[in-house]
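J.: Read off the chains here:
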Amino acid sequence: MRVRSAVRQAGLVAAVAALALSAGCAKKDDSEVQASGVKLVEAGKLTVCTHLPYPPFQSKDASGKVTGFDVDVMDLVAKELGVEQTIIDTPFEGIKSGQDLNTGKCDAAAAGMTITAERQKVMNFSDPYFDATQAMLVKSGKTYKTLDDLRGKKVGVQAATTGRDYAKKFEAEKGLQIVEFEDLAAEQQALANGQVEAAINDLPVWSEYLKKNPGGFQVTAEFDTGEQYGFSVKKDGNPELLKKINETLAKAKQDGTYDAIYSKWIGKQPSA
Amino acid sequence: MKLRRRQRERLSLGIQYLVFVAIIVAVLAAADWGRLADAFFRVDIIESMFPTIITVALRNTILYTVGAFAFGLVFGTILALMRLSRVAPYRWLATAYIELFRGLPALLVLFLVGYGIPIAFPEREIPGGVFGSIAIGLGLTAAAYMAETIRAGIQAVPKGQMEAARTLGMSHVTAMRTIVIPQAFRIVIPPLTNELILLTKDSSLAYVLGVTASTIEVTKFGRDMLNDRVNATPLLVAGLAYLVITLPLSQVVRRLELRYAKAR
Numbered sequence: 001m002r003v004r005s006a007v008r009q010a011g012l013v014a015a016v017a018a019l020a021l022s023a024g025c026a027k028k029d030d031s032e033v034q035a036s037g038v039k040l041v042e043a044g045k046l047t048v049c050t051h052l053p054y055p056p057f058q059s060k061d062a063s064g065k066v067t068g069f070d071v072d073v074m075d076l077v078a079k080e081l082g083v084e085q086t087i088i089d090t091p092f093e094g095i096k097s098g099q100d101l102n103t104g105k106c107d108a109a110a111a112g113m114t115i116t117a118e119r120q121k122v123m124n125f126s127d128p129y130f131d132a133t134q135a136m137l138v139k140s141g142k143t144y145k146t147l148d149d150l151r152g153k154k155v156g157v158q159a160a161t162t163g164r165d166y167a168k169k170f171e172a173e174k175g176l177q178i179v180e181f182e183d184l185a186a187e188q189q190a191l192a193n194g195q196v197e198a199a200i201n202d203l204p205v206w207s208e209y210l211k212k213n214p215g216g217f218q219v220t221a222e223f224d225t226g227e228q229y230g231f232s233v234k235k236d237g238n239p240e241l242l243k244k245i246n247e248t249l250a251k252a253k254q255d256g257t258y259d260a261i262y263s264k265w266i267g268k269q270p271s272a
Numbered sequence: 273m274k275l276r277r278r279q280r281e282r283l284s285l286g287i288q289y290l291v292f293v294a295i296i297v298a299v300l301a302a303a304d305w306g307r308l309a310d311a312f313f314r315v316d317i318i319e320s321m322f323p324t325i326i327t328v329a330l331r332n333t334i335l336y337t338v339g340a341f342a343f344g345l346v347f348g349t350i351l352a353l354m355r356l357s358r359v360a361p362y363r364w365l366a367t368a369y370i371e372l373f374r375g376l377p378a379l380l381v382l383f384l385v386g387y388g389i390p391i392a393f394p395e396r397e398i399p400g401g402v403f404g405s406i407a408i409g410l411g412l413t414a415a416a417y418m419a420e421t422i423r424a425g426i427q428a429v430p431k432g433q434m435e436a437a438r439t440l441g442m443s444h445v446t447a448m449r450t451i452v453i454p455q456a457f458r459i460v461i462p463p464l465t466n467e468l469i470l471l472t473k474d475s476s477l478a479y480v481l482g483v484t485a486s487t488i489e490v491t492k493f494g495r496d497m498l499n500d501r502v503n504a505t506p507l508l509v510a511g512l513a514y515l516v517i518t519l520p521l522s523q524v525v526r527r528l529e530l531r532y533a534k535a536r
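Chains as they are written, first to last, in the working numbering: chain A, 1 to 272; chain B, 273 to 536.
Simulated from the structure, these hints should not be mistaken for lab results. Every residue, glycine too, gets a C-beta built ideally from N, C-alpha and C. A hint or two may mislead.
[Said to hold, decoys possible] Under 10 Å between C-beta atoms, here's a sample of chain A residues computed to sit facing chain B:
1. 83
2. 86
3. 88
4. 156
5. 180
6. 190
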């Protein structure tokens with residue numbers, strides 16, 4: 001009889017080990033393939049990764065709901081698919097490295113994200129949906145007009161963004177002291193506290209900030225970097241969803257929905 | 273079938289080894305080695321991380337750690353003495369501080385120091401910039417832990433030591449300073465070294481303060497490289513960089529503990 005207990009003990013060890021292994025490998029599988037061929041990581045939901053806060057593209061409103069330009073556009077896609085959008089707030093690194101999409105954390109990323117060649121290597125981008133310009137924000141009364149004026153001064157940027165990459169390009173040439181912040185909120189706070197003399201980020205982001213904090217700050221320079229935002233899906237992983245996003249974008253641009261969302265969040269359309 | 277106890281034990285152990293080996297074999301067989309090597313061990317990326325990871329990142333990690341440790345040690349000792357004081361308000365103050373800061377996440381305290389203080393005191397700067405903010409931010413938390421350790425150490429020194437010193441005509445303060453505290457610190461070196469190891473890792477929280485190329489520490493350096501190269505190799509190298517500090521420290525703790533065990 002005692003032999004059995006030894007065997008049982010070993011069996012238990014094996015069972016626990018197997019369980020640990022399977023828990024380590026297996027992913028919760030609620031996924032769904034829609035009739036259109038669109039794959040969703042969770043049935044009935046379009047799961048979208050973003051990094052908060054990044055107004056006007058995505059931020060929490062007073063009630064804690066995530067709203068913004070990207071949110072409204074992705075809502076159109078969700079509606080097209082007949083599902084609800086759920087938003088996951090996650091560090092930008094996971095989004096731009098493609099890992100959040102690869103590991104099935106979300107179906108798509110909508111994070112005010114610029115389409116770059118680097119990023120295209122690790123995920124598939126939708127058609128561009130927004131023309132972004134980088135801009136420099138300073139406190140009112142400061143006279144910095146160009147990067148040259150900031151020689152030896154501290155310049156705030158947001159980690160893992162194209163604004164950061166842009167500033168880094170001129171770090172040595174213009175003698176900038178670049179200070180990297182984890183998120184937009186910290187970057188803004190540092191500028192307001194005087195920890196940095198100027199802050200670089202996307203122009204619409206500063207426009208939104210100026211709307212909320214009138215008087216204290218001004219945009220003194222814009223850097224036309226030719227950047228365009230795109231939504232992204234897993235690299236070679238969900239062509240149907242990508243198609244759906246592009247179709248929705250094209251439709252929205254045609255029927256005026258896009259313009260309505262644009263003027264709601266960004267303001268007047270630039271005459272292009 | 274009847275087995276003797278010895279045989280039963282051997283069988284049980286054998287089966288457990290077998291399961292263990294089976295798991296390892298399964299993992300080894302399941303892994304895609306080429307892919308793993310490409311994701312975690314790209315030699316060209318490793319080469320590009322040197323020497324910056326040593327000359328800047330590791331140096332700053334050590335600097336931040338030592339700064340926070342020094343601040344915490346001095347402040348923690350003061351707190352410990354306050355907790356042992358005969359003056360009640362000192363005890364209350366120290367107890368309140370320890371309970372508060374032991375309960376707050378280090379990340380939150382760093383945010384408070386980095387962003388809260390500048391809001392409360394505009395135009396004032398914390399001396400030492402990022403280094404000062406981290407030394408104070410992490411040190412405030414570390415002091416709460418260290419105070420309790422040091423207090424335990426002081427209380428572990430036999431009462432007779434103080435009594436003997438007082439009998440010789442020493443004042444309480446002199447006896448504390450020259451007799452009790454030195455012995456107490458000998459006792460608490462191992463737990464304090466543990467605190468130093470914890471602080472080494474906590475220094476990675478420096479990223480919340482905003483970092484420049486010259487104030488970057490190991491974790492942020494690794495994360496930046498991960499971003500730039502979209503490859504996990506920098507994380508592996510950053511992890512190894514921490515082990516360069518913590519493994520020798522662990523060894524020191526083990527040696528000291530052994531020595532004390534023998535001395536007893």
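J.: Each hint should be assessed against the structure and marked as holding or not.
T.: Hints and how they fare:
no.	hint	in the structure
1	83	30 Å, violated
2	86	26 Å, violated
3	88	19 Å, violated
4	156	7 Å, holds
5	180	5 Å, holds
6	190	6 Å, holds
Hint compliance for this structure: hints 1, 2, 3 are broken, all remaining hints hold.
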